[in-house]
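Per my numbering, the very first residue in the sequence shown carries number 1; after that it's consecutive.
Please keep in mind that the hints were generated in silico from the structure rather than gathered at the bench. Treat the hints with care, since some could be wrong.
Unchecked claim - List of simulated lysine-lysine pairs, DSS-like, C-alpha gap at most 30 Å:
#1 Lys2 <-> Lys378
#2 Lys378 <-> Lys460
#3 Lys376 <-> Lys460
#4 Lys405 <-> Lys9
#5 Lys595 <-> Lys405
#6 Lys326 <-> Lys166
#7 Lys376 <-> Lys166
#8 Lys9 <-> Lys376
#9 Lys9 <-> Lys166
#10 Lys2 <-> Lys405
#11 Lys9 <-> Lys326
#12 Lys326 <-> Lys405
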Amino acid sequence: MKMTQTEWKQWVLVGVLLLGAGLRIIGMAWGLPYQLEPDEPSIFINAWERATAGTPSLMREYPPLYPILLSWERHAINLAFGADTAQVIFFFFGRYTSVLISVLALAMAYRVGQTISGFYTGLAFMLFLTVEPTVALEMGWIIKADNPAWLLTLCSLWAAVLALQKRSWFWLGAAAFSGILATLAKYNMALVFIAVVYAGWYLLVGRRKLLMWLIPVLILVGIASTRTLIRNTWQSDITPYFANCQLGVDLANQAQIDEPSGCNLFLTLQKHIYPFYQRDNFLDENTWLTFQYLGDEIIHIFGSWRLVVGGLLLGVWLVYVWREDKQPVWMLTVMILSSLLLFSMFEIQHPIRQYYLLILALALLLAIALGKIGEKSKPLYAGLLILLFVPYLMTAAERRLDLRKTDSREATANYLLDNAPPGAAILVEYDKVEFTQQYGGFPQYDNYFNVIALQSIYEKQVDQLAEQGIAYVVLDSRSGNRGGYYADPERFPADQYQLVVEFSGDAYAGPDRKIYRTFRPQYETNIQFDHVATLMGYDQTLEGQTLRLTLYWQSLGREMPDYSVFVHFIDAKTGEPALTRDAPPDPNTRWWTEKQWIFDRRVLSLAELPPGTYFIRLGFYEPVSGQRIFVENGADFIDLAPFDLPE
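Construct the complete structure from the given sequences, taking the supplied hints into account.
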């Protein structure tokens, strides 16, 4: 049976929704049980405390809507799985919730475009949000406020468009209500009220063009007045206010304000609207640079050729093709220009997802132009969709598949859990999120290791790390722009320490990492003595008639019997023992803990030996019974490297 036009359109929409859901589900278990995206654990703790204590202690200035929703989800999970449910279960369901909200946002994107200019506009706008890889897809599955904020923002835009088309105060009220919810989900989305105000003004003045032009003028005057108000009233007392919020930032020397802890909406508005007040003169004198930065970010999302093609199509369409009501387009244009002006006046740099409402408006204008092409020529429309969106799709699929790889931070924590003893001192560049339990999903208790996070390894005296008690060093490529190892690897004494593992390249997701062990045995062995210990290596230095021997053991158990170590000097020519120097290690094996390192240092006098070539035969034994401990190859000893004893 041949499908009707309505049926094939419905199947196309279902296919795009399934594509969007599939892209977001791929790699959704990335990192778990570790939580490596900084906002996720913060929102988890906020929601968990709302569900258990009623009020959060962390990120109280965070937009409240999504944590409240997740606290309800936490209640449901507790009822279903018990109050002691592992937090990884919450993260798994939380990510599924984000995927569901993101797919609903795709459906709402179609509805916005379809309401403005028909099926083809809605489909193009929906496709953009489905496959755009830089923000929409990366934010479309993790536990972040962006997903509900975008959904509610699109609801507000849709209602504002209906208010314009139907001249309805009811839909204007719906737009305002959705805008309030969007702002409570993510404060940056307050810019959607530009569209709401435009629609409200249109309802008041109708088609009187002169009065309609007052709305952008009023918006610009409002932005300028807000900036003047902030400059005159906040600058004088902003430093003590931030100090009261315990930022721990010396604002006299630091231009960019760090993430606050435990403040409120007022602080958040200060942080996001005017965080660079110390650069005020710079902004006045270099406004063009801020426009240039915004332009670079927009081009990063769209690509310059998409903007050029979309602008040409839209311009031709506005002049020659569309005879319908253009108010939704003018509303989007006012919102875009006002947002550009607002961002340029108040910020220099910020993550592009904070500007995403601006990106949505630009994408909607592009979709409107494409939609009108689709009404005239379906083959040309399909070709333009392929040209514009297939590169997005390929990049998105590649990034999603990358998330199925092991993250380098996850691999770091697992390696150290397998090889380092509890309490080991570890230096980590950049941050240590994977080593904290509630915040980062670390499968052991907090402070299992003594982890020290540095912006750069060069904050320490790098040639004396072992003397400072440091056992391992984790070097992170993200610290390259903070003066870390990857910015200047030549300064690091790599020949002094042992590179034990490297997580880098296409095999891993996350930052490139190298892990060094601060002790580097002269001879590597890695030989296991049954259940007692592994000899990782040894140093053997002859100084006249004295041999300095250091044995690098790693314990394999705890609460073992008292074992002693036999050290027999064997004549290399005859194979007979020439000297015996038996002694227990220090500390004794009964005090060893699992995975503990023991640097067994021995100073052995060889004055009794005649000149010749010797080697050490080494092993463990039980002093009372004399029973030796077997080595993994079936022997009960190992032979160390030979040395020559001079006359």
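Here's how the hints hold up against the structure:
no. : hint              : result
1   : Lys2 <-> Lys378   : holds, 19 Å
2   : Lys378 <-> Lys460 : violated, 64 Å
3   : Lys376 <-> Lys460 : violated, 67 Å
4   : Lys405 <-> Lys9   : violated, 36 Å
5   : Lys595 <-> Lys405 : holds, 28 Å
6   : Lys326 <-> Lys166 : holds, 13 Å
7   : Lys376 <-> Lys166 : holds, 26 Å
8   : Lys9 <-> Lys376   : holds, 16 Å
9   : Lys9 <-> Lys166   : holds, 25 Å
10  : Lys2 <-> Lys405   : violated, 44 Å
11  : Lys9 <-> Lys326   : holds, 25 Å
12  : Lys326 <-> Lys405 : violated, 48 Å
Of the numbered hints given earlier, the model fails hints 2, 3, 4, 10, 12; all others are met.
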